[in-house]
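**Student:** Can you make the complete structure from the sequences, with help from the hints?
Heads up: the protein sequence lines correspond to chains A and B, in order.
Taking this note's numbering, the leading residue of the first sequence gets 1000, the next gets one more, and so forth.
Taking this note's numbering, the leading residue of the second sequence gets 190, the next gets one more, and so forth.
Note that these hints are calculated values from the structure, not bench results.
Derived contacts from chain A toward chain B, CB cut-off under 8 Å, selection only:
#	residue
1	Arg1029
2	Ser1032
3	Glu1033
4	Arg1034
5	Ser1226
6	Thr1230
7	Lys1299
8	Arg1300
9	Val1301
10	Ser1323
11	Pro1324
Source: prediction; values computed, not measured.
C-beta atoms are modelled at their ideal positions from N, C-alpha and C, and glycine is treated no differently.
The lines below spell out each chain.
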Amino acid sequence: MSPRLTALDALHRALGATMTDFAGWDMPLRYGSEREEHLAVRTKAGLFDLSHMGEITVLGPQAGELLDHALVGFISALGVLRARYTMICREDGGILDDLIVYRTAENEYMVVANASNAQVVLDALTERAAGFDAVVRDDRDAYALLAVQGPEANAILSSVTDADLPGLKYYALLPATVAEKQVWLARTGYTGEDGFEIFCAPADAEHLWHALTEAGAPHGLVPAGLSCRDTLRLEAGMPLYGHELDTSLTPFDAGLGRVVRFDKTTNGGDFVGRKALEAAAAQAEVNPPRKLVGLVSEGKRVPRAEYSVVDAEGTVIGRITSGSPSPTLGKPIAIAYLDAAFAAPGTAVAVDVRGKHEPVEVVALPFYKRAR
Amino acid sequence: MSNPQNLQYSKEHEWLTEADADGVSTVGITEHAAGALGDIVYVDLPSVGDTVTAGETCGELESTKSVSDLYSPATGEVVAVNQDVIDEPALVNSAAFAGGWLFKLKVTDTDDLLSADEYTAFTAG
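**Tutor:** What follows is the structure in structure tokens.
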């Protein structure tokens, strides 16, 4: 099967992007140096094509109740034009995907799934919709998604839109006109910076890309690929499905139990996975098996996903889920699931880097937090 | 990008200069390889005095996203390593065919290496 192309495919190629197959999509990995793209997002701004993300619209009188039943969050309690980070779990509590849900109207929500899980999420929501007066609509082809991320994002956007950006809070959205095009403008992102995500018609994506590029030029905006997106989210300590999250883990295992809302008042308080998640919550309270921690290396070798974490005797005490050189810190960093006994910040452990034990120190996540 | 005509190339994307008067050749990786790896953040090179063998691994190149074996395009004794790229691995990206060279060796034998045109065709396919 040939990979799917975003509406901006020709543009990426014209920009000389290195493309990569990502979850069945041909996506820009980087345009030049991923390190420079990363630093541009931290200090100025980066422009991303995230059209591979899976948009699913849920609408109808019971849309909120359906999502309360299908997801672990208390979605119907979300205000109109607000967004929430949440998860969809299996009956056994295993994470099917992590999601952003946007409430676009009183009875309408946009669920944004990871590209690799979009079909799984669509199928699960469709199945879980049975008995609810709500419709689950596959809108993956209805939207392209651009993101402007970085400290200059606000200044750049304000020059191409009259939307009330100062009034647009973090994790909120607005129907807006950007460069003459109707879009959903959301103050969300996955880089640890201030920024905006722009859901638009695929036919408008190229126009918007050009308009943002032009508006961003004086601010140092550069096109940015998936490679730097990964190092940005890693520095910000944000989990990535397939790395920190998967079906073998519950939200409590991932240290994200707060997204599970047992206090829901709809559906008699019941939701898919409730029983298993209550057990997982109790377990996490008394005896967490492993904890998600940060590791920082003083060496140059990079701890990478799936490498073992070992103690002084060489006993395996954990595994790396993501690792990379950190452009901001100037040293290798990693996220790992580590036996709770070793999880305190400051603990010295080691990573088995292809047979050599590289010393690393446990640190609290995130590695990087922007100044506000 | 163009591959210099005066170099020989391995299918593992190393380049090798013609031996100088002392029989010493310089080894590096191609721009094509450096571009495919992305930003190189760490290089592990053989030591001076080591004997390396054509077609066998002799070090590592680590980039943001991956780690790759470094193969030697020739057999011989390592007589110099480039301290500049150890200190500043990004040199491999910015000057693959020049300041980003990796090591020098006194060649006793080489693999079947490609000419610039053959290598260009190889990487195009």
